[in-house]
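Q: Could you put together the complete structure from these sequences and hints?
Residue numbers for the sequence shown follow the working numbering, so the first one is 340 and each next one is one higher.
Hints should not be assumed to be uniformly reliable.
Said to hold, decoys possible - Taking lysine-lysine pairs in the DSSO-like style, the calculated list, with each CA pair at most 27 Å apart, reads:
hint, residue 1, residue 2
1, K498, K394
2, K418, K750
3, K498, K571
4, K758, K800
5, K363, K498
6, K429, K776
What the hints assert, rightly or not - Label pairs and their computed distance ranges (CB to CB):
hint, residue 1, residue 2, range
7, G371, L660, 46 to 52 Å
8, E568, S433, 23 to 29 Å
9, R532, K808, 37 to 43 Å
10, R532, G784, 50 to 56 Å
11, Q563, G784, 46 to 52 Å
12, M639, E383, 27 to 33 Å
13, E383, G456, 30 to 36 Å
14, I375, Q563, 30 to 36 Å
15, D782, Q556, 17 to 23 Å
16, K476, R770, 18 to 24 Å
17, S380, F735, 51 to 57 Å
18, K498, S577, 16 to 22 Å
Bear in mind the hints are in silico, worked out from the structure with no lab data behind them. In this text, a Cβ means the ideal position worked out from N, Cα and C, and glycines have one as well.
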Amino acid sequence: MRKNNKLIMIAHNNELQLIVYGRKEPDGRVIGTIPIQEEYSQDELSGNIPEEAKKIKNPLLVMPDYVVGIETYPFATGKKSIASAFIRRKLSESFPSVSEITDFYSYTYSKNDQQAGSIYAFCLQDPLFFNLYNHLKDADMRPDYITTPAFIWQHKLGKLVDDSSAENFCLIHVLPDESYLYFFANGNFIFSRSIMLPGSGETGSGKLDVLAFEISQSLRLFSQKAKSEVNKFFFVSSTQIKETELSDRLGKDIVRIEIDSKEGLEAKKEDFMPAPLSAFSLSDIDHKMVPTISHRLVVMEKAWYSVTRAGIITGALLVFLLGFESFYLNFLSGSYSKSQMAALSNSMMTNRQVIEKHNETIDLITNEMQRPDPASILGGIALSLPGSVAMEELTFNLESPFQAIISGRVKTNNPGGIKPDLSAMVEGLTRNLKLSKPAVIGDIGFDMEQGGGDLGSAGYKFHIQLDLK
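A: Encoded structure:
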């Protein structure tokens with residue numbers, strides 16, 4: 340297997356298509372097509388995956404647009420150090436029924452509203468994706484990067500259209516039997532729609548009528564989502580439908596975009612590319628260029644790889660300098676005076692101290708990466724507390740072993756109401772926090788003191804210690 344080859348996995352119409360391409364295979368090659376099922380028997384999926392695919396690292400998975408959730412959140416501080424924790428907390432609130440959502444997200448800062456301060460967050464939120472991802476991971480085919488046709492268009496339009504990042508626009512991609520509509524606000528993808536067009540027996544006028552009607556309906560939806568209007572329309576078509584005819588029906592100025600024919604020939608897209616990707620070459624589907632989403636563990640692995648590589652380089656430099664020191668001292672010791680040798684030794688010692696300081700910095704970065712995020716923990720606790728349970732004190736231990744101690748009060752005068760409330764709390768803590776072991780009601784200790792008679796202090800005090808990953 341050539342090291343330069345890349346693997347693209349495309350999920351379309353309940354099938355997973357595996358495509359290999361690279362510098363030695365610019366045309367690409369389909370090496371397998373696997374049915375997507377809710378469940379597979381033991382080793383069934385792994386047995387259907389070609390060995391050639393299993394040898395390629397960092398595979399890219401292309402999913403349909405509908406698996407993606409899009410949110411824009413006010414973010415006045417602009418501090419990158421707290422952006423991830425802020426987004427995880429907000430996504431948990433926006434998608435409370437999808438616990439996996441905080442593991443699959445990415446974000447950018449608003450391109451056109453920096454003063455107000457906002458974050459554009461995109462995440463994976465559909466059970467279809469989570470099920471497929473887990474099956475692929477179990478088969479040792481974990482996709483490191485996930486994208487969709489809309490995000491590939493977002494990147495491609497950025498190359499084809501001037502100032503696309505500052506515009507609200509609609510892309511109309513027309514095929515013989517279907518059409519795809521993509522809507523972008525300030526250059527960021529908002530939503531897409533697929534439209535089935537009338538069959539071959541229908542006149543071109545009939546297809547135009549259907550397309551114009553669906554675009555008009557989608558423009559209303561865009562206005563509701565983006566709180567603004569589409570101001571540009573782009574058109575890509577492999578049919579006889581003309582943008583001028585559609586422009587007349589909509590009363591909008593529509594600009595045709597010509598796709599690079601050379602790229603299209605290199606990809607031989609007509610041989611195997613599914614309809615939503617038919618306008619792309621394989622070189623367009625590059626995880627280094629298009630917006631992608633990776634599991635949080637994959638992101639940490641990539642960051643850890645960078646730190647490890649820096650450590651290896653530093654170690655190699657240390658070995659080189661120490662070896663050079665030994666050689667230099669042995670070679671020149673006969674001609675140096677004691678004072679010169681002392682000065683040379685001091686210089687070498689300074690180099691050692693510099694290298695040791697770099698090593699300490701790498702160790703510090705490594706330790707910081709492994710620590711739990713207090714903001715994320717606080718958000719998880721807040722989501723876990725029933726209305727009758729109030730937290731009064733929270734203590735963190737962010738040195739290994741990582742722990743959090745919650746002290747609070749169950750607001751009730753009825754002892755029989757304590758257990759259901761605390762059971763709901765420990766279930767929420769297990770669900771919303773990364774714990775080394777599940778929280779159980781037996782972990783809760785009670786202070787032998789009931790609150791006073793006033794409403795604010797009535798109830799029973801408790802505390803629980805949580806062991807964090």
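Q: If a hint holds in the structure, say so; if it doesn't, say that too.
A: Results of checking the hints against the structure:
A hinted pair counts as satisfied when its Cα atoms are at most 27 Å apart, and K498 with K394 does not qualify at roughly 32 Å. A hinted pair counts as satisfied when its Cα atoms are at most 27 Å apart, and K418 with K750 does not qualify at roughly 37 Å. Of the supplied pair hints, the one linking K498 and K571 holds, its CA atoms being roughly 16 Å apart against a limit of 27 Å. Under the criterion of a C-alpha separation no larger than 27 Å, the hint pairing K758 with K800 is consistent with the structure, at around 13 Å.
Between K363 and K498, the direct Cα distance comes to roughly 25 Å. Compliance with the 27 Å bound is thereby established for this hinted pair. A threshold of 27 Å between alpha carbons decides the hint, and for K429 with K776 the separation of about 25 Å falls inside it, so the pair holds. Roughly 50 Å separates the CB atoms of G371 and L660, a value that falls within the hinted 46 to 52 Å. Remark: the range hint 23 to 29 Å for E568 to S433 is upheld by a beta-carbon distance near 25 Å.
Hint check: R532 to K808, Cβ distance near 40 Å, so the stated range 37 to 43 Å holds. The hinted range of 50 to 56 Å is satisfied by R532 and G784, whose Cβ atoms lie roughly 55 Å apart. Distance hint check for Q563 and G784: the Cβ-Cβ separation is about 50 Å, which falls inside the suggested range of 46 to 52 Å. Restraint check, M639 to E383: a C-beta distance of roughly 30 Å satisfies the suggested window 27 to 33 Å.
For the pair E383 and G456, the supplied restraint of 30 to 36 Å is violated, since their beta-carbon distance comes to about 49 Å. Distance hint check for I375 and Q563: the Cβ-Cβ separation is about 32 Å, which falls inside the suggested range of 30 to 36 Å. Under the hint 17 to 23 Å, the C-beta atoms of D782 and Q556, about 53 Å apart, miss the expected range. Between K476 and R770 the beta carbon distance is about 21 Å. The supplied range of 18 to 24 Å therefore holds.
Here the CB-CB span from S380 to F735 is close to 45 Å, at odds with the stated 51 to 57 Å. For K498 paired with S577, a C-beta distance near 20 Å keeps the hint of 16 to 22 Å intact.
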